[in-house]
Amino acid sequence: MRRVVITLGLLIGCAPAANLASFAVVVHHSNPNTNLLFTDLRAFFTGDTKQWPNGSKVVLVERDNASSTHQFLLARILHMGVSEYKRRLASIEFGGAAPVTLKILNSEEAACKFVFNVPGSIALIETDSLRFPECSGVGIVRIDGQLPGQEGYRLR
Amino acid sequence: MKASTLIRCVLAAAAICAAPKLVVGQERQDEIIIQKLLARVEALEREVAALKQTATAPSHAQQVQPAPSDLAPVTTAPKQDTTVIADLPEPPEASRYAFHGYADAGFVRNEDGLSDKRFELGEVDLFATARISPKLNVLVEAVLETDNQLLVASVPVNVERLLLQYRQSDYFNLDIGSYRTAIGFYNTTLRGSWLQTSLTRPMLFTFEDDGGFLPLHNVGLSANGKVPSGALGLHYVVEVGSSRNYAQSGRTGLDFEQNAAVNVALYARPRLIPGLQIGVSSYHDRFSPGPGPNLARSVWTAHAVYQANRFEFLNEVVLAKFRETGMGYGNIPGFYSQLGYRLGANWTPYTRYDYVNVYGRGSVGQYAPQYVPWRTVFSGGLRYDLTESVALKFELGRETSPLQLPWIRAALQVAFTF
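In order, the protein sequences belong to chains Y and G.
Under our numbering, the residues of the first sequence are numbered 1 to 156, in order.
Under our numbering, the residues of the second sequence are numbered 1 to 418, in order.
Isolated chain Y (complex conformation):
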């Protein structure tokens, strides 16, 4: 009985933490576009927008399918399934338009490293990952004017 109570307590205690998982959008530190609308962010990742305002190419940096970051991207930002998203990007290229430049990496540190080195890149990472040294040199993007942790921040 005691174990059950403890387990339930842990589950209840952990549940809000899981719900409060927060994600941050990062770009190269030379990128002046550090304040984006949520619709702009979605347009980048759906491939509707493939250039930054200065004309440079957008390079999408995404985590692998199994990561919570990618699942958040699909479920909460794009509202798409894995296959649906793949079809979406494939149909852009199939239609004859410039393909989406996409890099899939298997860790948050690698994503930060990539963003740090590649101007024009944009990545979604877990907010907790910002403490990694690799993420210290990238720019954090405001979404609808809010930074991670601020009231009303949408990516959580």
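Just so you know, the hints here were simulated from the structure itself, not pulled from any lab data.
Where hints are given, some of them may not hold.
[As the list claims (entries may be wrong)] With a straight-line Cα cutoff of 27 Å, these simulated DSS-like cross-link-like pairs (lysine-lysine) come out: (1) G:K117 with Y:K50; (2) Y:K86 with G:K226; (3) G:K135 with G:K226; (4) Y:K50 with G:K226; (5) Y:K57 with G:K135; (6) G:K321 with Y:K86; (7) G:K226 with Y:K57; (8) Y:K86 with Y:K57; (9) Y:K86 with Y:K50.
Fit chain G to the given chain Y structure using the hints.
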């Protein structure tokens, strides 16, 4: 002599004797410091040289973004930069050549109302792009249309598209070669079975070599791009080329003639409603469906498409007109509407209604119905994405035609990409 005086004398003598040794020790300390400083200077010189080399040598990042101004100055990088640069990830555009294949196989029952049932190998769509310079691309799409041919040598290879693409910017791109006409939405976006949600294409957009009446493939020039329109998201397409004729010099298949095919399309993707696309197109050329007539053909289309938030809602309207002085005219209005909704992660039920009508006057009016041997198709089905690259589909359809009694067809399909 007092004891204290004796001690002082001894200390003084010892100090005099030890003085040279202290000087020697100080020199050694100085030497060590100098050596350390020299080593430090050398280390700094090596670091400066490494930084200079990094700043001048073309990096992977520069390959991705050719504009040097876009590169961050290395000197502003934090201390761990050297490590990061040495461990630079692979650039996303290292591969300048991309290849994708789309194929399907399945089982059909009563496809043409003739009560046949058989396994069927679908088409194999081979699609490749290559970037041959920063602004020049090549796109090739070849389709092996198996069509259940008895002989391997009978399988036609259809070069669907072969394009040299010049990409100036988002606002101006020029394609030269064989392209898919920007008539409506479906023709420009969807071909391979895996790409489309449904098992079959809308009947309106049946390909020419399968009996379709719309000019879906041309050879010529296509300019396209965005129109500066802010949140409206306007795009344009202007195409000038030659379309397929069916009866020049006794031929019944592909025959590209100088038939002045012109198409203008305009569509909007409003930023405020992601997933929505609304567009119109107007196409005109000369068309010879059989020996003798050289008809003026016009095709107007309008479409409203919404693909977001699990929904796929496709709607297209077409009006095709054929006219020849002294031979009358034929009009073909039609539309289709398809609605799909994704349930969970992998299930997508869908339904579609296709409708077409044919009417006219004179010999053209009498001939036109031969090109459209159907009236309505009501179909419904289910798509299940087995994996990221494989989909299973099941579809039922009820067709009506002026030539035969209504019938119900069924089909199962596995569609995949590789």
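How the hints compare with the structure:
Taking the CA atoms of K117 (chain G) and K50 (chain Y), the gap is about 46 Å. The hint is violated against a cut of 27 Å. Our distance criterion of 27 Å between C-alpha atoms is met by K86 (chain Y) and K226 (chain G), whose separation comes to about 24 Å. Pair hint K135 (chain G) plus K226 (chain G) holds up; C-alpha atoms about 17 Å apart against a cutoff of 27 Å. Our distance criterion of 27 Å between C-alpha atoms is met by K50 (chain Y) and K226 (chain G), whose separation comes to about 12 Å.
For a cut-off of 27 Å, the pair hint linking K57 (chain Y) to K135 (chain G) stands: about 13 Å separates their Cα positions. A threshold of 27 Å between alpha carbons decides the hint, and for K321 (chain G) with K86 (chain Y) the separation of about 38 Å lies outside it, so the pair is violated. Only pairs whose Cα atoms come within 27 Å are accepted, and K226 (chain G) paired with K57 (chain Y) is accepted, the gap being roughly 16 Å. Taking the CA atoms of K86 (chain Y) and K57 (chain Y), the gap is near 20 Å; set against the 27 Å cutoff, the hint holds.
Distance check on the hinted pair: K86 (chain Y) and K50 (chain Y) sit about 16 Å apart at the alpha-carbon level, within 27 Å; holds.
This entry does not satisfy hints 1 and 6, going by the numbered hints stated previously.
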